[in-house]
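Novice: By the working numbering, the letter at position 35 of the sequence shown is numbered 165, and the numbering carries on one by one without gaps.
There's no promise every hint is true.
[As the list claims (entries may be wrong)] What follows is a list of derived Cβ distance ranges for each label pair:
(1) Asp319 x Asn197: 27 to 37 Å
(2) Ala167 x Glu358: 18 to 28 Å
(3) Pro448 x Asp252: 29 to 39 Å
[Unchecked claim] In silico DSS-like pairs for lysine-lysine, Cα to Cα no more than 27 Å straight-line:
(4) Lys205 x Lys171
(5) Lys132 x Lys190
(6) Lys190 x Lys171
(7) Lys390 x Lys446
(8) Lys388 x Lys419
Source of the hints: derived by calculation from the structure; they are not laboratory data. Just so it is clear, the structure is predicted and the values come from calculations on it, not from any experiment. Every residue gets a Cβ at the ideal spot worked out from N, C-alpha and C, and that includes glycine.
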Amino acid sequence: MKYRPLGNTGEKLSAVGLGCMGMSFAYGPTDDAESIATLHKALDLGINFWDTADMYAQGKNEELISNVLVSNRDKVFIATKFGFRTNNDGNGFAGTSSTYFDGSPAHMRNAVEGSLKRLKIDTIDLYYAHRIDPKVPVEEMVGAMAELVKEGKVRYLGLSEASASSIRKAHAVHPITALQSEYSVLTRDIEAEILPVCRELGITFVPYSPLARGLVTATVSSKETLAETDFRRTLPRFDEANWENNSKLVEAFGAFAKDKNCTPAQLALAWVLAQGDDIIPIPGTKKRKYLEENAGAADVNLSAADVEAINTLVAKYPNTGERYSEGSMKLVNH
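With these hints in hand, go ahead and build the complete structure from the sequences.
Specialist: Structure follows, in structure tokens:
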């Protein structure tokens with residue numbers, strides 16, 4: 131595995147991290163034994179950057195990770211997030227009526243203690259606000275988060291889906307080490323303003339869903355094949371209205387990957403990695419075979435001409451659909 135610096139912290143993180151959400155939440159049936167085996171496999175592969183959140187299956191994902199994290203604490207840089215809360219027995223997906231966001235210092239205090247307890251550790255390496263709360267000034271939220279650093283409960287602070295303006299305001303209060311937002315060959319919103327601000331301020335960018343929720347991996351034949359509990363059933367990109375366009379895109383992308391002697395997933399990750407050494411994607415998986423495949427992307431070298439060719443290919447199929455449902459998009463800070 132290759133490693134990349136985390137901002138100016140001196141930390142070295144695996145160029146390909148591991149998103150753990152799907153092990154417990156949002157992507158259909160779960161298998162704790164396979165997930166734990168996948169976490170052990172991550173250690174074997176040198177993947178030391180693991181990402182979770184307190185909202186993933188109401189804390190169960192953090193509890194699952196603790197089974198491997200505790201005995202390997204010195205080998206893992208663990209990130210978790212706070213802010214989403216549930217108000218009934220719904221599916222818990224962000225953007226639905228069953229969830230709301232609370233970025234208040236009072237909730238953050240409760241949330242961090244809960245995460246520490248479930249993870250069974252004394253200090254969280256990277257603590258993100260999962261979104262920006264329009265009801266709470268970002269300076270107030272980050273000021274409270276900064277107290278956790280002083281107390282030794284958290285080492286570094288991060289934001290997720292924050293606007294360029296919010297990033298600047300937050301960074302003025304306390305250094306923001308990482309920004310986590312969706313970014314892939316199909317989702318490039320952050321390139322105009324957000325990524326330049328991160329680079330100006332020395333903030334590492336952490337793309338989630340770098341495989342476009344699996345769309346570009348050629349592993350989903352239709353929305354109907356997804357489990358009833360699969361979050362992707364709520365996403366426009368998997369709707370029938372966009373499926374013909376996206377199927378053609380996936381076919382062309384797969385042909386390009388074959389020419390590069392890699393899988394579509396590896397090509398998608400290699401494209402993200404090629405955007406800069408200050409970018410550390412966290413593709414999610416709950417199976418060892420996909421983890422190994424994703425790790426292999428670190429060794430796929432794309433030339434500038436390759437990257438441009440991929441951009442040109444994707445531009446031929448522009449009608450991919452929104453990355454989120456309308457409710458979820460309202461939670462994105464603009």
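Novice: Each hint needs a verdict: does it hold in this structure or not?
Specialist: Each hint, compared with the structure:
no., hint, in the structure
1, Asp319 x Asn197: 27 to 37 Å, "holds (36 Å)"
2, Ala167 x Glu358: 18 to 28 Å, "holds (26 Å)"
3, Pro448 x Asp252: 29 to 39 Å, "violated (48 Å)"
4, Lys205 x Lys171, "holds (13 Å)"
5, Lys132 x Lys190, "violated (30 Å)"
6, Lys190 x Lys171, "holds (20 Å)"
7, Lys390 x Lys446, "holds (20 Å)"
8, Lys388 x Lys419, "holds (19 Å)"
The structure fails to meet hints 3 and 5 from the earlier list, while all remaining hints are met.
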